[in-house]
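Student: Sequence:
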Amino acid sequence: MESGGLLEAASTTKIDVSRRIKSPKSTDDSNIVGQTFTFDLKDGLLIGAGSENFYLEPFDEVYVRKSPAYRKQKNVGIIGEALFTGTYALSKKNERLSDLVAKAGGVTSDAYVRGARLIRKMSEEELRRKEDATRMAIKVGADSTTLYVYTVGIHLDEALKNPGSDYDMVLREGDVLFIPEYVSIVKINGAVMYPNTVLYKEGENSRYYINQAGGYASNAKKRSAFVVYMNGTVSRIRSGSKTAIEPGCEIIIRLRIRVSV
11 MESGGLLEAA
21 STTKIDVSRR
31 IKSPKSTDDS
41 NIVGQTFTFD
51 LKDGLLIGAG
61 SENFYLEPFD
71 EVYVRKSPAY
81 RKQKNVGIIG
91 EALFTGTYAL
101 SKKNERLSDL
111 VAKAGGVTSD
121 AYVRGARLIR
131 KMSEEELRRK
141 EDATRMAIKV
151 GADSTTLYVY
161 TVGIHLDEAL
171 KNPGSDYDMV
181 LREGDVLFIP
191 EYVSIVKING
201 AVMYPNTVLY
211 KEGENSRYYI
221 NQAGGYASNA
231 KKRSAFVVYM
241 NGTVSRIRSG
251 SKTAIEPGCE
261 IIIRLRIRVS
271 V
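So in this note's numbering, spot 201 of the sequence shown is number 211, and the numbers just go up one at a time.
No lab work stands behind these hints: they were computed from the structure.
Below, a list of computed lysine-lysine pairs in the DSSO-like style, where the Cα atoms sit at most 27 Å apart:
#  : residue 1 : residue 2
1  : K211      : K231
2  : K197      : K252
3  : K24       : K76
4  : K131      : K102
5  : K24       : K52
6  : K103      : K113
7  : K131      : K82
8  : K102      : K113
9  : K231      : K197
10 : K102      : K82
11 : K171      : K252
12 : K197      : K211
13 : K171      : K84
14 : K232      : K252
15 : K102      : K84
16 : K82       : K103
17 : K82       : K24
18 : K131      : K84
19 : K103      : K171
20 : K76       : K102
21 : K197      : K232
22 : K211      : K232
23 : K24       : K103
24 : K131      : K103
25 : K103      : K84
26 : K52       : K82
27 : K82       : K113
28 : K84       : K113
Label-pair ranges, simulated between beta-carbon atoms:
#  : residue 1 : residue 2 : range
29 : S40       : N63       : 21 to 31 Å
30 : N215      : P78       : 50 to 60 Å
31 : D70       : R182      : 34 to 44 Å
32 : D176      : G116      : 13 to 23 Å
33 : E214      : E18       : 52 to 62 Å
The beta carbon of each residue, even a glycine, is placed where N, CA and C say it ideally should be.
Build out the structure end to end from the sequences listed, making use of the hints.
Tutor: Here it is as structure tokens:
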């Protein structure tokens, strides 16, 4: 072929040839603006009705379509406490978290599945919105740091219990699943007397951990405390709750902003 041959993604069916209407002796107006001939391709030759005596003419346009079944490999990763960590190719469009864990041979005995999180690359649309926000931030003098990955809050423990459920998130190219080891500490930061890291103690509520950091600072906004979990989710802390604090989480107390008039 003069064009150098077909690409890997090319379809060998429905090869269209578009031809100009050339009728110099015509005396009638017509609303037909062109002709299209459709063939298949086999061993570099056109096949189909009328292909035997078909020859290209000047200004003909040949259209070779992409095969609807062609797919490039899309890779995802799994790191941390899985038996076989590394990169895996997606086998289907709607492959999920549980499918990836199964490909990796499951999790190790040291895995803290509840703390697993997903690291995702920005899509082109997400990146465009981020860049728009960055340009706006520059105008108002705010921080304009651009991140190209972000953490998705997941519940891998529920996904593995209920494959195919809403918890079992559909993966996309570039996703990396991180499964950590069990972490037996809790961090306390923000408006406390002494930001601290202490051992997790089952059954204790948030007040216990805040006291381990010396209690609230004078400028603490006590009712706006929240907790960041290892799996990437965030939740406000309800007063007295004994289930809000989990191993590996971080308690953050917001500052009370005083506005002077």
